[in-house]
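Knowing the structure of chain L, use the given hints to seat chain X on it.
Chains L and X, in that order, give the protein sequences.
47 is the number of the first residue of the first sequence in our numbering; add one for each residue after it.
10 is the number of the first residue of the second sequence in our numbering; add one for each residue after it.
No lab work stands behind these hints, which were simulated from the structure alone.
Note that beta-carbon positions come from the ideal geometry of N, C-alpha and C, so glycine has one too.
Don't take each hint at face value.
As the list claims (entries may be wrong) - Straight-line C-alpha distance at most 20 Å; calculated EDC-like pairs for lysine to aspartate or glutamate:
#, chain 1, residue 1, chain 2, residue 2
1, X, Lys199, X, Glu187
2, X, Lys107, X, Asp96
3, X, Lys76, X, Asp96
4, X, Lys245, X, Glu226
5, X, Lys171, L, Asp119
6, L, Lys232, X, Asp42
7, X, Lys171, L, Glu334
Said to hold, decoys possible - A short list of chain L residues far from chain X (calculated; beta carbon distances all over 12 Å):
#, residue
8, Leu55
9, Thr59
10, Ala83
11, Pro121
12, Glu124
13, Arg145
14, Gly276
15, Leu286
16, Thr330
As the list claims (entries may be wrong) - These stretches of chain X come out as covered by chain L in the derived footprint (C-beta under 8 Å, 3 or more residues):
#, stretch
17, 25 to 36
18, 96 to 108
19, 147 to 158
20, 161 to 172
21, 251 to 259
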Amino acid sequence: MTDSGVDSLWRLTWRRFRRSRLASLALLYVGIITALALLAPLVANRKPLLQRTAAGWNSPALTDFWIADPDIDLPPVETTFALPAPVAFSPNTIALASRLMPPGGGHLLGTDDLGRDVLSRMIHGARVSLTVAFFATFIALLVGSFLGALAGYYGGGADWIISRLIEVVLCFPFLFLVLGIVALFKPSILTIMIALGLTSWTSEARYVRGELLRIRDMEFAHAARASGAGDARIVFRHLLPNALAPVIVSASFGVAYAILTESALSFLGLGVPLPTASWGSILTAANEHIDYAWWLILFPGMAIFTTVAAFNVIGERFREALDPRSD
Amino acid sequence: MTSYLLRRLFYAVLTFFGITVATFVLIHSVPGDPVTFFIGQQGLRNIPPETVQAIRAEFHLDEPLPKQYVRWVGAAVTLDFGISIIDRRPVRERIFEKLPNTFQLNCVAFLLAALFGVPIGLWSATRSGRPAERISAVGFFLLYSLPSFWVALLLMQFFSVKLDLFPLLGMTSDNYTELSAAGRFTDRLKHLVLPVVTLAYAQLAIFARFSKSALTEVIRQDFITAARAKGAGPAKVLLHHALRNALIPLITLLGITIPYLISGSVIVEKIFQWDGIGLLYLQSIFSRDYPMVMGLTVVTAIVTLLANLLADVLYAVADPRVRLGEGHD
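Only chain L is shown next, with the shape it has when bound in the complex:
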């Protein structure tokens, strides 16, 4: 497979992609945010990363890696050495004495209305926002590719039905549908991912359908058929990989849109249930203290905006890089 056209197309696209400094920067930024999200409990935690007690060396922060900090009072421990996390606050620790503190003085980006550290909540919020966005886009990709492939490959009746289905889905105001599903079924991270995924597959389906209609009668498809390959093998092994490029472009825009929608849901109070931090839910508190707490508005909004913009820039640059007519 190394010398096939697919590989060299990707290599060529990558070279063209990197020619844009802005897009490379956006890719780097997305990488950093993703790393922060993955490592959130090690970046922002009230427990030390590494400590030495009478029992020896251990890492209390590491215990929060998969299961969130239970936020109970920590028993006092005698330590001879302690390496604190870069941000020494957990996202859900309520400290009413230090509520609504402006940035600086211990809390780099200030505290919210319950005295929780905003930076810590933003780092942990990245986990929620990105998880939802990636999985929702993945679901949309699966559903869209499947239905699009069905419509494009078989054409005729299957195409007709799926095209009508897409028309129906596109008639609903997107947010009405998502809000309705999330609110009426219990709001949870899973519900949001499914609701977003099941309502945003139409553009992927259209791209795949269009590509398959174009390539299904090309020689290589006939060759595969002649050599005895079944429909499923032709579609998944031969046709879909060739339709992948526009789908990836649309997935990049999809992630951006999913982050926006998830944060809007959280902002409206229909997102991931509290106290779990998400970029949108920090802004809900900002709404109530709009006359005063500017830092509650500025920083989480900046996080949403820059991440969404980065995914959009990546998608757009990727689209340009794939388009032989551009540059």
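Below, chain X without anything else, positioned relative to chain L:
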């Protein structure tokens, strides 16, 4: 042309039934019974089972689902969605009460976005590859990467709290009824500014990008090269040959932007406490007012459907290829 329009009309009717089936199935797959939820929410206890049964019968919740659907959709074609569980007023009446408020917001936003977005997009298409175009392209991206609720909060903080230029919330001031006619007009206008800006900026970016790519697509075509080869100057090529063809695809934006605007209304109306259908929808899902949720979902989807149908008609009028049935489904 007639056969094309008839086919679109037939599809629109099908889509309408698709919309109603989707709405109905969605609502009825929600776990839990609205009647018991309502009773629990009201904090009522010891409701005799006969009463629960009577309420269920009143809303026809005791019938088999297909029968419920037929009953519901039969009324829905006349836009009768029953009565609200919350205040027992007809759903249609309440929707039509709020619809003008949302319509007002969306229309102004749509017009502003088109008025500024399209010329900017066309201009940047003619500047392809130059620094000004590059910068404006990045600008569009940044614009529609901005979360609208964040923009709303920033606008409120700056223009309402700090500068006290525009009111923070609502559609009119408290002393609205005491104002003169001119005073009422400016009062309404002032309340409109921030919500409209919040709704319009992302649309503006979409309009600009769409019209830019439409014109770019046309400029690449052979007949433009032919016009240039004949010796037509850049201005004549652009205005006489390219622009007319580039404007046609903009018609489809009519159908595309309306669901976006209505989606955006939910957030904008919530933040600015604008008394439209977005706010009504939010309140209805929180209180599980199923008839209202279903009514609003169907009505907004129909608005989009009609806009799409209108776009199809306009497209057929503007583009002879569609009219004469050369592909384009």
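Next on the checklist: Let me make sure I understand: some of the numbered hints might not hold for this structure. Which ones are they, in numerical order?
Outcome noted: Hint check: 3, 5, 16, 18 and 21 fail, others pass.
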